[in-house]
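Student: Spelled out, the chains give:
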Amino acid sequence: MKFMLLQAYGGVPEGVPPMSEWAPEEIEAHITYQKDLNAELRERGELVEAQALTTPELAKFVVSDGRTPVVTDGPFPESKELLAGYRMIDVESTERAIEIAAKGSAAPGPGSVPIEQSIEVREVMGPIEH
Amino acid sequence: MGMGRAAEAEDLLREAAPRVLAAVVRRFGDFSDSEDAVQEAMIAASTQWPTQGIPENPVGWLIHVASRRMTDRIRSETARRGREDLAGVDPAEAEPPSGNDDTLVLMFMCCHPALTPASAIALTLRAVAGLTTAEIANAFLVPEATMAQRISRAKRSVKASSEPFGMPAEEERPERLRSVLRVVYLIFNEGYLTSSGPDLARAELSAEAIRLARIVRLALPEDPEVAGLLALMLLTDSRRTARTKANGELVPLAEQDRALWDREAIDAGVALLAEALGRGAVGEYQLQAAIAAEHATAARAKDTDWREILGLYGLLERMTGNPMVALNRAIAAAMVDGPQAGLSLLEDLDERLDDHHRLHATRAHLLEMSGDSEGAIAEYRIAANRTNSLPEQHYLTTQAARLNERHC
Chain A
27 MKFMLLQAYG
37 GVPEGVPPMS
47 EWAPEEIEAH
57 ITYQKDLNAE
67 LRERGELVEA
77 QALTTPELAK
87 FVVSDGRTPV
97 VTDGPFPESK
107 ELLAGYRMID
117 VESTERAIEI
127 AAKGSAAPGP
137 GSVPIEQSIE
147 VREVMGPIEH
Chain B
65 MGMGRAAEAE
75 DLLREAAPRV
85 LAAVVRRFGD
95 FSDSEDAVQE
105 AMIAASTQWP
115 TQGIPENPVG
125 WLIHVASRRM
135 TDRIRSETAR
145 RGREDLAGVD
155 PAEAEPPSGN
165 DDTLVLMFMC
175 CHPALTPASA
185 IALTLRAVAG
195 LTTAEIANAF
205 LVPEATMAQR
215 ISRAKRSVKA
225 SSEPFGMPAE
235 EERPERLRSV
245 LRVVYLIFNE
255 GYLTSSGPDL
265 ARAELSAEAI
275 RLARIVRLAL
285 PEDPEVAGLL
295 ALMLLTDSRR
305 TARTKANGEL
315 VPLAEQDRAL
325 WDREAIDAGV
335 ALLAEALGRG
345 AVGEYQLQAA
355 IAAEHATAAR
365 AKDTDWREIL
375 GLYGLLERMT
385 GNPMVALNRA
395 IAAAMVDGPQ
405 AGLSLLEDLD
415 ERLDDHHRLH
425 ATRAHLLEMS
435 GDSEGAIAEY
445 RIAANRTNSL
455 PEQHYLTTQA
465 ARLNERHC
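As they're listed, the protein sequences go chains A and B. For the first sequence, the working numbering assigns the number 27 to the initial residue and increments by one for each residue that follows. For the second sequence, the working numbering assigns the number 65 to the initial residue and increments by one for each residue that follows.
Just to be clear, a hint being listed does not mean it is correct.
[Stated by the list, open to error] Restricting the straight-line Cα-Cα distance to at most 16 Å, the calculated cross-link-like pairs of lysine to aspartate or glutamate (EDC-like) are: (1) K223(B) with D94(B); (2) K309(B) with D62(A); (3) K223(B) with E99(B); (4) K309(B) with E54(A); (5) K309(B) with E51(A); (6) K106(A) with E83(A); (7) K28(A) with E125(A); (8) K309(B) with E99(B); (9) K28(A) with E142(A).
Just so you know, these hints were derived from the structure itself, not from any lab.
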């Protein structure tokens, strides 16, 4: 079963400051945690792909009627809803997908406290089953 | 013993591949079919050589076998069409390999002006470096089918351009060589700038680029820019292990452990550069290599000859008009004449560089040098928000955090 684990910019509880206000060691610990999680998933053969996206500031929205595309640049008022990154995983069960999402959510923040990042877990649609 | 011979055969095959392909394409014209034929010849060699011994003239052997496949193919197609035997190509006539020139022609073809850089890169890695489509796909993190399609589209574009396989006209050669060098340098940077941790496959790209530059140099030993590019890549690559921490995060030049730098690569780069500069036609790769050499030969960061580097960036900026070079010159100016000198150079760049993250990162660095922590934090944050490189984003965020912590 393939799942997308999605995280948005605004998916952290209020009171967690932006990363540039953390202590440098806290940033390093957070990054190492995320990398270790990816390494673990890769080792278990569960990782399809993990990517971080550039910030909403660089996002563009495109709408076209088939003739003239309309391109809207940021900043966007709803930028907290925009995607920050994702992991695509291929696992045995929904339970395992939730377990991985929980691990991602508990990545450490300031004072080594889990930031409780909200992770959206979505199963990827597959072919027709016979 | 058997293992040794197999490894020897493999090295030989890799080395021979572009020359064989070039010779076969030259003879039969069709790039795709020739490539298949060469591939078959390589497979035959890799099964036969380790047991039956390596032939005296491996390249000739491969050209002979590949040409025979091509002739077979042409004969069977001819038979299928019910026509007379048209080919009349006797495999025994296989030309002796003309070697380095053929390889160069192949590179010129792969860096054809009709191709986008991404296509030229893929085709060069496939045809000249001899990487498999799967290896190239892996290095660029795209599915194999996507890369296969990119390569075959590139071949079709070259074919459709109706330019015969051969050395471009004399007057076009400098421009084509520039394309070749640019493609090689792009391959290098693709590997160098992004290789860390799990992306190790990409580090191989830098090694491939260096190998390709050596191949070009064999064909054009007198060209100072070819030597300059090779020197630049060797000097840059010498810092590979020092430029990232164990977790893949970036370490800036001034903070790198210089004991980790690869002395052998530095010596080779410096020697190549000296030889190139001695020829008198200074170009941008030589200038970049000269700057890299200044850094590489400074025992400690504080021993760096910034005045020399400032002069070199001045020359490079005049030669290229590249605003990114101007950014680096501003840093050098700050190191020589103080942060204000650098900051005022940046003012002219606002418009030309729009909101490029590197402009903000440079300004942040210079503001920090000048003691303006608050201004530096703001600029580091803007730069972090605008970069498209994850390691760089982490680095810039950490710089802001470090100042913020000290500031509070």
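Student: All the hints need checking, so say for each whether the structure fits it.
Tutor: Hint by hint, here is what the structure shows:
no., hint, verdict
1, K223(B) with D94(B), "8 Å, holds"
2, K309(B) with D62(A), "15 Å, holds"
3, K223(B) with E99(B), "14 Å, holds"
4, K309(B) with E54(A), "11 Å, holds"
5, K309(B) with E51(A), "14 Å, holds"
6, K106(A) with E83(A), "11 Å, holds"
7, K28(A) with E125(A), "14 Å, holds"
8, K309(B) with E99(B), "41 Å, violated"
9, K28(A) with E142(A), "23 Å, violated"
When held up to the earlier numbered hints, the structure conflicts with 8, 9 and fits the remainder.
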